[in-house]
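K.L.:
Given chain P, put chains R and C in place with the hints provided.
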Amino acid sequence: MSETAQSPPVIPIARAVQDRVNPVETDSANTFDLQNVRVYYGDMLAVKDVSMGIHHNQITAFIGPSGCGKSTLLRSLNRMNDLIPGARVEGDVLYHGIDVYGPKVDPVQVRNVIGMVFQKPNPFPKSIYDNVAFGPRLQGRKKNLDDIVEEALRGAALWDEVKDRLKDNAYGMSGGQQQRLCIARCIAVQPDVILMDEPCSALDPVSTGRIEDLMVELKKTYTIVIVTHNMQQAARVADMTAFFTVSANDETGSRTGMLVEYASTSKIFSDPVDTRTENYVSGRFG
Amino acid sequence: MSTQTVELGASRSGEPPRSLEAPSLRIGERIIKALLWSAATLSVLVTTGIVVSLLIPSIAFFQQVPLWEFLTGTVWAPAFANPSYGVLPIVVGTLTVVFFATLVAVPVGLSSAIYLSEYASPRVRRIVKPILEVLEGLPTVAIGLFAFAVLTPLIRQLTPFLPWTGPFSIGVAGITVGLLIIPLVSSVSDDAMRSVPADLRQGAYAMGATKYEVALKVIVPAAISGIIAAFVLGISRAIGETMVVLLVAGAGSPVLSFDPTKGTQTMTAYIGSTATGDIAQGTITYDSIFAVGVLLFLMTLAMNILAIRLVKKYREVYD
Amino acid sequence: MSDSSDKPNLSDRVAMPARTRVAVGGAREVTEAMFSSVDRAKKIRGTIIAGVLLLGLSVALIAVTAMVVWAFIAGWSRLSINLFTNVPSVVNPDNAGYRTAILGTLYIIGGVIVLIVPLGVGAAIYLEQFANPANRFNRFIDLNIQNLAGVPSIVFGILGLAFIVRGPLDLGFVAAAGSLTLALLVLPTVILASREALRAVPSSIRDGSLALGATVWQAVSRQVLPAALPGILTGVILAVSRAIGEAAPLLLVGAVTFVTFNPSFFEGGYSTLPTMIYSYASRPQESLQTLAAAGVVVMLVLLIMINSVAIYLRNRFERTW
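Line by line, the protein sequences give chains P, R and C.
Residue 1 is where the first sequence starts when you use the working numbering, and the numbers rise one by one after that.
Residue 287 is where the second sequence starts when you use the working numbering, and the numbers rise one by one after that.
Residue 606 is where the third sequence starts when you use the working numbering, and the numbers rise one by one after that.
What the hints contain is simulated information worked out from the structure, not anything from laboratory work.
Since we're looking at a predicted model, the values are computed, not measured.
Glycine included, C-beta positions come from ideal geometry on N, C-alpha and C.
Among the hints, erroneous ones may be present.
[To be verified] Derived coverage of chain C by chain R (criterion: at least 3 residues anywhere in the stretch with Cβ under 8 Å from a Cβ of chain R; other residues may be distant):
| no. | segment |
| --- | --- |
| 1 | 646–660 |
| 2 | 827–841 |
| 3 | 875–884 |
One chain only, chain P, in its complex shape (with noise of 0.2 Å):
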C-alpha cells in the first residue's frame, strides 16, 4: 500500500504521441478540446486564451504557481464557475465537440457527466453508503443500490476497509478515507470525466499514495484532469502536463493566468521548450 509513496518518484514514459501536442482541430482522441478559453470574474481576466487538448483514458495534469488560474480553468470544464456570481467563460470548452456552454446544455447534466472530486475531503454528514448512494438515487437507479455502491467502494479502493461499517458516518474516517470516499461517491455516478482539485493537498504522504495508485487505476475508465501543487506528483501520475504562470497587471492589480506549455510528462520535466517552464519543474521558481 505505501510503496508508492515511499519510493522514489519515477517519472513514467508519457504514452502520449508527440504530434497530438496542442492540437488546433478537434481530435477524435480528445475528450475535450479548448480553444482561446477566457475565464472571466467580473471585469477581471482570470485565464487567458487556453487552447489544448485532453486526451481519452489519460491523466492531464495542471500545475503552476498560485494564482495562475489551473483550478479555475479546471472548474470551468464541468460548469462548476457557474456558481460563483460573476464568473464568465469565453471561447470554446469541447467535450467531444459539444460546446459545454451551449445554448441547449445543461449544466446539471455536464456535471452528471464529468464530476469532480475537491481540494478538501467533503464527504456529507451521513453514513458512508449514503454519501455513495447519493448519486445514484438521483439518476432514479434505485435498482441494485447495493451492488453500485459496493462497486464504487471497489472502485475507489475502499471497499475492504468499511464494508463492515457502511453504516457510519462518514465523518468517522480518516481523511485519506475520505477523500476516497469522494472519488467512490463521483464514480457511482458514471462519469466520463473526473476533474481533482488538488485532491491530496490535505492528505498525509501514504493517503496520498494510495490515490496516486488508484488515479492510475481510474484511467482505464476514466479521462481524469488533476490540479496540482505538488510537481512530483503530476511527475508521478500525469501522461500530460500543462505548466500555467501568472502575470500581474501593475495598472489594475488583477492577475491573469496562462497556459506556457503543454506536452507529455516527461517532457516538460526533462526537456521544456519554454524557459519559464524550466525554471519552475527545476524548483527555481514558484
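P.N.:
Same frame as chain P, but now just chains R and C:
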C-alpha cells in the same frame, strides 16, 4: 444517458460521446424555484401592505387636519367634543420612554456584552446567554404587569423626594422598557465585539496590555459601529413598545409634559388604546390612528436603516 | 537557570552546549519576569472594572428572576385547575379562568406555525441558495426583511386591521385574522434565523452535491436543508414563543373580548392568553390583578417549556464544521 449499467469497470472510450442536454425539462425544479421566490417576495408585499394601509386613511386625515398643525400642535385631544390633533404630547411621551430606556439599557447592556465577550468563560456564556434570551422572550404584558405591581412602588419608596401623583408614571415605563431591551443591546454588541479578529486582541496582549485595557481600549473602539447599531436597535424597539407603556404609564389623556413621575400616553399607547375601543371606520378619530402610525413607522424605519448600515459596516471590515 | 522552574522547558529536553543552555534559561527567566510584573494599581483597576461589568450583567439576571418569582407569589392563590377549565369573567372574578383564552392562543399559534414554516424557510432557502446576491431586487428583498424585523408590532396590528380584518381579506375579528397578523409579524425573524442556519452549512456540501449532478433543489433538499434543520427548528421555536407572548397587535385585530365559548377559526370572537391578562390587569379589582398574575405564570411555564426545547436542540445538534 439512455442505458444504465451497474458495471463500472468497462472502458467507455469506444462509446459515442454522451449528450450534455437536459434529460427532462426539470419542471418540478422550476416550480419549486418559483414558489421559493414567491415566499421571498412576500416580504415586499407585507411592506407594501403596511405602507398602503397607513397611507390611505392618513391622506383622509391630513385633508382635515393640516400637516403643520399635526406636527407642531401641543394639544392631543381627539376624543373631545372640540377635538385637537397636535401630536407633540404623545411624541414627547415616546421620547421620554426612549430617554429612560437608554439610560438603563446602554450601560447595563454594554457592560454585560463586554463581560460576556471578553471576560466570561465558555461555560458562563453557555449559562448566561440563554437566561438573557429568556428575558428577551418574556411577554411584554408580563413585564408590564410586574413593573406596575413591583417596580413602581419600589421606585417611589426609593425616591420620596419626587412629586409622585397617581398610580402611573412614564419614567418608570421607560426604565421598564430599558430592562426589556437589555438583551437586545447586549447580544448585538456582543456579536460585534466577538467579530473583532483575534489577532487584534492577541496583538494588544502581546504588547503587555491588561485585560480591561484590551477590552476598553482595543475591542470596544474596534467594534464601535456594531455597538452603536445595538443602541439604535434598542431605541427603535423602545419607540415601538406598547404593552409596557399601556400598563405602567396608563392610557389616560396625554398632556404635554416632561415630568417622568406622571402618567401619559405615547404614540403606541394611543394606537393601542384607541383601536381597542369601538370606533367607526371613516371617522377622523379612526384615521388619526393611522396618521400616528405613519409617524411611528417613519421613526423606526430611520432607526432600522441606520442600524442595518452600521452592522454592514463592521461586517465589511472584519468578515 | 531552568532548574528553578518545574515546568518542562526547552533546555531540559534538548541537549545543548552549556553556554547556549545558560542563554536560553536566562532569556526565559527575563521574559517570565516581565509578564509577572504588571503593576499593582493596574491589577486592582482591572478587578474593579470586571466587578462593574459583572454588576451590569447581574441587573439583567436579577430582573428575570424577580419577575418569575413575583408572578408565582402574586398569582399563587389562584393557581389551580380552575384556571384552565373556567371561562373568563369580570363579574365573578374568583371563579374566572383562562380556558377560552388558552384555546385561542393554541389556535392562533397553530395557524402561525402552519404559515411561517413553509413561507419563512422557503424565503430563506431562496435567498441563501438560489438568489444571486448581486441582483438589485434580491438585495432589496434582503434589506426589506431586515427592516421588517424591526417594525413595531403594533404597526403589524394596523396592517392586520386594515388588510386582514377589513379591506381586501375582510375576515372580520376572528382567530384567523389574529393568526395571520402574528404570522406576518414573526415571519422576518424566521427568515433571518433560517438563513443563518443555512449559511452555517459549509458551501462544500452544496458544491459537492452539485458536482455529483444534483440540481440546486436536490442539493438543498437532500443535503443542505437536513444539515441546517436543527438550527432552523430552533429559530422557528423562538419565533413562535415570541408570537405566544405578543399582545399589542392583537388589540387591534379583535382579541380583547370576554368570550365564554370555545373559539373557532373563522367565526366569532376570540381571546388569547396575553390579551386576556391585559384585560384583567387593566381593571382595578384586587382579585382580577391576582388572576392576571396567575395568567402570567401559565404563560411563563408554557414559554419556559418551549424555550427549553430550543436550548436542548441547540446543544444537542451544535456542530462545528
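K.L.:
Count the residues of the segment 827–841 of chain C whose Cβ falls closer than 8 Å to any Cβ of chain R, and tell me whether that reaches three.
P.N.:
This one is violated; 0 residues, fewer than the three required, reach chain R with a Cβ under 8 Å.
K.L.:
Residue count check for the segment 646–660 of chain C against chain R: does it reach three with CB-CB under 8 Å?
P.N.:
holds (count 10)
K.L.:
Quick one: see if chain R covers the segment 875–884 of chain C, three-plus residues with Cβ-Cβ under 8 Å.
P.N.:
holds (count 4)
Violated hint: 2 only; the structure is consistent with all others.
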